[in-house]
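Listed below, chain by chain, are the residues.
Number of protein chains: 2
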Amino acid sequence: MKGKVAVIGAGMIKFGELFEKSFDDMIEEAYLNCLKSVDNGIDPKEIEAGWLGSARGMSGAALSMPTSLWDIGISRNENGCATGSDAFRNACFAVASGVIDVALVCGVEKMRDASGGLIAIAAMADIWRARARTMPAFFALRGTRHMHLYGSTREHLAMVSVKNHHNGSLYPYAHYRFETTIDKVLKAPIVSWPLGLYDCCPVTDGACCVLITSAEKAKKYTDTPVYVAGSGLSVDSWMRHNDENLSGFPASVIAGKQAYKMAGLEPKDIKVAEIHDCFTITEILDYEDLGFAKKGEGHLLLEEGIVELSGSLPMNPSGGLIAKGHPIGASGVAQIAEIYEQLRGTAGKVQISDVDVGLQHNIGLGRGATGSVSCVHILKR
Amino acid sequence: MKGKVAVIGAGMIKFGELFEKSFDDMIEEAYLNCLKSVDNGIDPKEIEAGWLGSARGMSGAALSMPTSLWDIGISRNENGCATGSDAFRNACFAVASGVIDVALVCGVEKMRDASGGLIAIAAMADIWRARARTMPAFFALRGTRHMHLYGSTREHLAMVSVKNHHNGSLYPYAHYRFETTIDKVLKAPIVSWPLGLYDCCPVTDGACCVLITSAEKAKKYTDTPVYVAGSGLSVDSWMRHNDENLSGFPASVIAGKQAYKMAGLEPKDIKVAEIHDCFTITEILDYEDLGFAKKGEGHLLLEEGIVELSGSLPMNPSGGLIAKGHPIGASGVAQIAEIYEQLRGTAGKVQISDVDVGLQHNIGLGRGATGSVSCVHILKR
Numbered sequence: 004m005k006g007k008v009a010v011i012g013a014g015m016i017k018f019g020e021l022f023e024k025s026f027d028d029m030i031e032e033a034y035l036n037c038l039k040s041v042d043n044g045i046d047p048k049e050i051e052a053g054w055l056g057s058a059r060g061m062s063g064a065a066l067s068m069p070t071s072l073w074d075i076g077i078s079r080n081e082n083g084c085a086t087g088s089d090a091f092r093n094a095c096f097a098v099a100s101g102v103i104d105v106a107l108v109c110g111v112e113k114m115r116d117a118s119g120g121l122i123a124i125a126a127m128a129d130i131w132r133a134r135a136r137t138m139p140a141f142f143a144l145r146g147t148r149h150m151h152l153y154g155s156t157r158e159h160l161a162m163v164s165v166k167n168h169h170n171g172s173l174y175p176y177a178h179y180r181f182e183t184t185i186d187k188v189l190k191a192p193i194v195s196w197p198l199g200l201y202d203c204c205p206v207t208d209g210a211c212c213v214l215i216t217s218a219e220k221a222k223k224y225t226d227t228p229v230y231v232a233g234s235g236l237s238v239d240s241w242m243r244h245n246d247e248n249l250s251g252f253p254a255s256v257i258a259g260k261q262a263y264k265m266a267g268l269e270p271k272d273i274k275v276a277e278i279h280d281c282f283t284i285t286e287i288l289d290y291e292d293l294g295f296a297k298k299g300e301g302h303l304l305l306e307e308g309i310v311e312l313s314g315s316l317p318m319n320p321s322g323g324l325i326a327k328g329h330p331i332g333a334s335g336v337a338q339i340a341e342i343y344e345q346l347r348g349t350a351g352k353v354q355i356s357d358v359d360v361g362l363q364h365n366i367g368l369g370r371g372a373t374g375s376v377s378c379v380h381i382l383k384r
Numbered sequence: 004m005k006g007k008v009a010v011i012g013a014g015m016i017k018f019g020e021l022f023e024k025s026f027d028d029m030i031e032e033a034y035l036n037c038l039k040s041v042d043n044g045i046d047p048k049e050i051e052a053g054w055l056g057s058a059r060g061m062s063g064a065a066l067s068m069p070t071s072l073w074d075i076g077i078s079r080n081e082n083g084c085a086t087g088s089d090a091f092r093n094a095c096f097a098v099a100s101g102v103i104d105v106a107l108v109c110g111v112e113k114m115r116d117a118s119g120g121l122i123a124i125a126a127m128a129d130i131w132r133a134r135a136r137t138m139p140a141f142f143a144l145r146g147t148r149h150m151h152l153y154g155s156t157r158e159h160l161a162m163v164s165v166k167n168h169h170n171g172s173l174y175p176y177a178h179y180r181f182e183t184t185i186d187k188v189l190k191a192p193i194v195s196w197p198l199g200l201y202d203c204c205p206v207t208d209g210a211c212c213v214l215i216t217s218a219e220k221a222k223k224y225t226d227t228p229v230y231v232a233g234s235g236l237s238v239d240s241w242m243r244h245n246d247e248n249l250s251g252f253p254a255s256v257i258a259g260k261q262a263y264k265m266a267g268l269e270p271k272d273i274k275v276a277e278i279h280d281c282f283t284i285t286e287i288l289d290y291e292d293l294g295f296a297k298k299g300e301g302h303l304l305l306e307e308g309i310v311e312l313s314g315s316l317p318m319n320p321s322g323g324l325i326a327k328g329h330p331i332g333a334s335g336v337a338q339i340a341e342i343y344e345q346l347r348g349t350a351g352k353v354q355i356s357d358v359d360v361g362l363q364h365n366i367g368l369g370r371g372a373t374g375s376v377s378c379v380h381i382l383k384r
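Line by line, the protein sequences give chains H and Z.
Numbering of the first sequence is given in this note's numbering, commencing with residue 4 and proceeding in unit increments.
Numbering of the second sequence is given in this note's numbering, commencing with residue 4 and proceeding in unit increments.
Since the hints were made in silico from the structure, they are not lab data.
One or more hints might be untrue.
Identical copies go unnamed one by one, so any copy, or any two together, can satisfy a pair.
20 Å max Cα-Cα, derived DMTMM-like pairs, lysine to aspartate or glutamate [what the hints assert, rightly or not]:
| hint | residue 1 | residue 2 |
| --- | --- | --- |
| 1 | Lys222 | Glu158 |
| 2 | Lys220 | Glu49 |
| 3 | Lys7 | Asp104 |
| 4 | Lys220 | Asp28 |
| 5 | Lys274 | Glu311 |
With the rest of the complex left out, here is chain H:
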């Protein structure tokens, strides 16, 4: 797959509490923005297949209505919170196989208005509640464990929140566009200790589309395509007796290694990354799981400022899930879109200078936490 697939367009919508926009409205807006983003233009008739990433069913036909893309094949993927990334990965396989030349990947979720059908997520939440483990509580356990083993503190968590809110304040599509401070984060109401209100991503509506093509076709659409250099996906077991130290996600380590191996690259080659920060602790664990920091030293990157916009390895320039929001199916696709913009130099106020390789990373919980899913892509200019 390495180098065989290129991203040639990306379209975001402003994430937020979009009560005035339907599931279809969001897809349509992201789709039209995506079409418009293609440098040399694209005729929708050139799109040969689609992949819909959404926790909401039913079927790929849900992508056809708002895009008028009938009479082509549309698959639907769902893989917990890594849904959008899984859809992107499957679309890349199809293009790399030589069967499909131009594909649309759409991630979308209506989170704030469940009447339209966010039944899958509601169901998941039910399973979790029945086991007395809400999402914040689950991740909080990882936080206390990291603190106990490695000496991280609530201040380190707060530094993730302050950084990502700062980035989000500069990113036009973010749900939350305000700055915060260490003091405010620490004094916010506790959701599940050590996670306070500003340590948690919001509940957000959103959609994002990207267009991918075979490497050969890419130059027709743009002089600056971005290539898919690596892809990884893994499931791990969250059964307590299988877990080495409860801190970090084995699936992320494996998915990362798969992606690095395919790309022939190492963590030190990555210049910018969009990583899964559903909670502040998650981002610190990601640093370690993805090889940006040694085990138990993730929080030190924050002390050193390395992961800020001005640092040597900026993490979540878009504000991440913490500030941008986390509309399940859209989250992974939006991460791809942001890395695409960064590598093309079109990321606006959050542009990192001189970046040629970027990484995207997306975690999902599986089936009442008996397993976690992690998906990683490496993009290259």
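Following the hints, put chain Z in place on chain H, whose structure we already have.
Okay, now just chain Z, sitting in the frame of chain H:
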């Protein structure tokens, strides 16, 4: 993709009202049967990735628990009633891309006991009921239209039911294993005219697994692999004003053409087929949509006996959805499994002699019937 992917194993479980078996139980049994089916044996450690086809969420991790396949990537596909076929197709892309050498595809559905989470299907049913269109009512419309335009009768529908129940009576994994008669079918209670009780597939629990590999690796596992020659997927619009004559499914025509084109084959080359017969009328429409009969002449194949086990083009030797049952995610994978057995000559009492090319066809309804999905695969010895 043509010829790059091979099926090297398949494992069914007996479909039925499996109140005594959980979602996980069904997967485990199909998985173990699939492993055992591989001629030269396979170590589960050789499986590099999995695809789960199920209308039930959440995430690919649901396949890990009953198979102990952790630390590999598992995607989940859902595409209405074509869910299992879509999972198979995406797995084939991954193998054809060269990234994955050995993949497991599992289709599974718990239909008779919704307490465990068949919420997605329940949701779909809700949408349908709200629009006063149940599944039988929707397909019945197609039936009356076909009768009006082309002169087919309830007797023709009954011939599909009698044929498929006969086949099912010989197929060990079928839900219903009894014969019926034209008279019984015609006198059965009407569900939605012209469809009576025996014109409708049952509500069935089931699971099925298949193992696929790259063509190069296949010979390691068996001397008689079956190759994926063609694959097609399409969505069409079921908006009434877009529909030419309401009889037939444009998505099936398109998906069929895609698959025939990839395979370099024509309908006349197909020796056996497993096609989507959720209702008897559907099978007649399939004959026309897939090119086995001219438009408006599908029912004539039944008069001529061509589609019986002893005919020149046997359709649904396994009993089809009508007799075998239709556990959403499992249905498409089970069709692939049956064609695999037919082409290897291991289909037992329903074996068709001298078959080298087979076709699989699976329809799904999308999003409250605004679109339909159709998936076709052609397998070759």
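Checked hints:
no.	hint	verdict
1	Lys222 / Glu158	neither (47 Å within a copy, 58 Å between copies)
2	Lys220 / Glu49	within (11 Å within a copy, 34 Å between copies)
3	Lys7 / Asp104	both (10 Å within a copy, 18 Å between copies)
4	Lys220 / Asp28	neither (30 Å within a copy, 46 Å between copies)
5	Lys274 / Glu311	within (12 Å within a copy, 63 Å between copies)
In the structure shown, a violation is registered for the earlier hints numbered 1 and 4, in ascending order.
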